[in-house]
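Starting from the structure of chain A, add chain B where the hints point.
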Amino acid sequence: MTGMEVEIAGVRLKNPVMTASGTFGAGQEYGEFVDLNRLGAVVTKGVSNVPWEGNPVPRVTETPSGMLNAIGLQNPGVEVFCERDLPFLARYDTRVIVNVCGHSEQDYLEVVERLAGESAVSMLEINVSCPNVSRGAIAFGQDPDCLCAITSKIRRAAAQPIIMKLTPNVTDIAEMARAAEAGGADAVSLINTITGMKIDIERQRFVLANRTGGLSGPAIRPVAVRMVWQAARAVKIPVIGMGGIATGEDAVEFLLAGASAVAVGMMNFHEPRTTENVIGGIEAYLRRHGIENVKDIVGAVQDQVF
Amino acid sequence: MQVQRQNRFKAAMEVVRTELLAGDIWSTILRYPEELAPEMREARPGQFVGVYPKDGSRLLPRPISICRLVPEERTLRLVYRTVGAGTEEIAAMPAGSAVEVLGMLGNGYDTESMAGRRVVLLGGGLGIPPMLELAASLYGKAAPGSGQEVPSAAERKTAVTAVLGYRSAPLFLKEDFEASADAVYIATEDGSEGTAGNVLDAVRERGIRADVLCACGPLPMLRAVRDYAAEQGIPAYISLEEHMACGVGACLGCVVKTKHEDPHSHVKNARICTEGPVFPASEVEI
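Residue numbers (my numbering), protein chains in the order written: chain A, 3 to 308; chain B, 990 to 1275.
So here's chain A without its partners, still in its complex pose (with noise of 0.2 Å):
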């Protein structure tokens, strides 16, 4: 029997595999295709303290081995959230981790503070990496000192623990995993996405309303992989995986880069089982390697020379 468990600030995962914020809704539209029970987390899609509109279409778009989004960050709001989609996550034996969103420092602390007393919530991942809205998010995240201020007063206000999502569009990813930790991260996750843009050639304009866009899939996982072993090296809190995972080896690479757990993405787009599919590639994975607890490969190359 493979050691699946891994624990992430304190909050113990029955295997490594979440979803990834805003690809998988609040879990109810591929429970229809997954088994959410087997899920180490579910990840949810942005949450902020009222109701947002996003963008207007087009908001997504295919590119070569990925897609392009820009939804900014469409939803129904806290209150709805507590009401409807937390008790149908409750139902299921995996861990809830609510992704928040705001334009203000207000925005985020409105939010923590009204999920502080849901039990059902087990940790908080906050979103200062979303490259479409055209206010706050990404803007926190692209300024060590910013996301370093933000981090504490967030960090004070939750019940929590608290993951912060770092953009991968800036110059040091390593100076902004330190400058969460330094503001109170219990963990940090990454990458949000790339920002990118497609232009219709035959139209002559951009594909995408909002011009610029998020991309995500597997075009992005090699920048990914490269920056959550940077990443890792540079803090000692718990670093989450992602950027175009697909399969169980995908997801074993971040592992190796030291990725404590992963996230899978835009792939729940091309096979809504793909979460599955990566629990069960890292277990074969593991019984291949004679390797008995997924711990141990944690950072395995992390230091390595070549």
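The reader is advised that the hints may include incorrect statements.
Claimed, not checked - DSSO-like cross-link-like pairs, simulated, lysine-lysine; straight-line CA separation at most 27 Å:
id: 1; chain 1: A; residue 1: Lys-200; chain 2: B; residue 2: Lys-1043
id: 2; chain 1: A; residue 1: Lys-200; chain 2: A; residue 2: Lys-238
id: 3; chain 1: B; residue 1: Lys-999; chain 2: B; residue 2: Lys-1043
id: 4; chain 1: B; residue 1: Lys-1257; chain 2: B; residue 2: Lys-1246
id: 5; chain 1: B; residue 1: Lys-1146; chain 2: A; residue 2: Lys-200
id: 6; chain 1: A; residue 1: Lys-16; chain 2: A; residue 2: Lys-200
None of these hints come from the bench; they were simulated from the model.
What follows is chain B alone, placed relative to chain A:
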């Protein structure tokens, strides 16, 4: 809003036959596995599937409406336009090959509410194919060659008129509609067949009367249908399309602005893949 059915699956289907109908319009018939019979029984016209290209660089399902579903033969017919490498790959899949399909997506038309009425189906261009399954389900379940008799007009009580709008001849699917509707009218933009103009020009020219309108086609046509229905004081149900990623309501990529707050999103946005693609024309901002 329309009733939502939970008959979702992702499964491999077998390509039976693909043919070019006209220009860049293709027809592909797929055979689905026995196990999907229950989901297919639940299928309703206006629902759609997501067809996955095999090329690993093209990861998202291509949303394509159901053109015809024949449970007796376990076949699903898709009629689509090749608009890029993904759909070109689908059109080139050889007979006998397997293709991954995500289904049944979307709400579909509420045909029960149309029983006994004069239903006029308006299809423009690539909006024509989904109207065929709708016509067939309203006109009677009998499919060509299935050996079942088409029920008489008196028993059927629903009068199905199809008005099909093309850019120009050659037409596609016209004969299929003639087998599944009481009357079929044609409009072409260049006047090469039928009424010169669009589907509403044909409705006016032929004096076609309706209790209910169902329409699928380009946005300007759908706006005109909405306005015509309001003028006539009759309901119109329109089927929308939009860039999509997941197809199942998780990504929020394919929304349409709504008149009222949507009960799921709690903002004035509804998911076309889930609350739609069929909406009452008066409920959406198009």
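Tell me, which hint numbers fail for this structure?
Result: hints 2, 5, 6 break, sorted rising.
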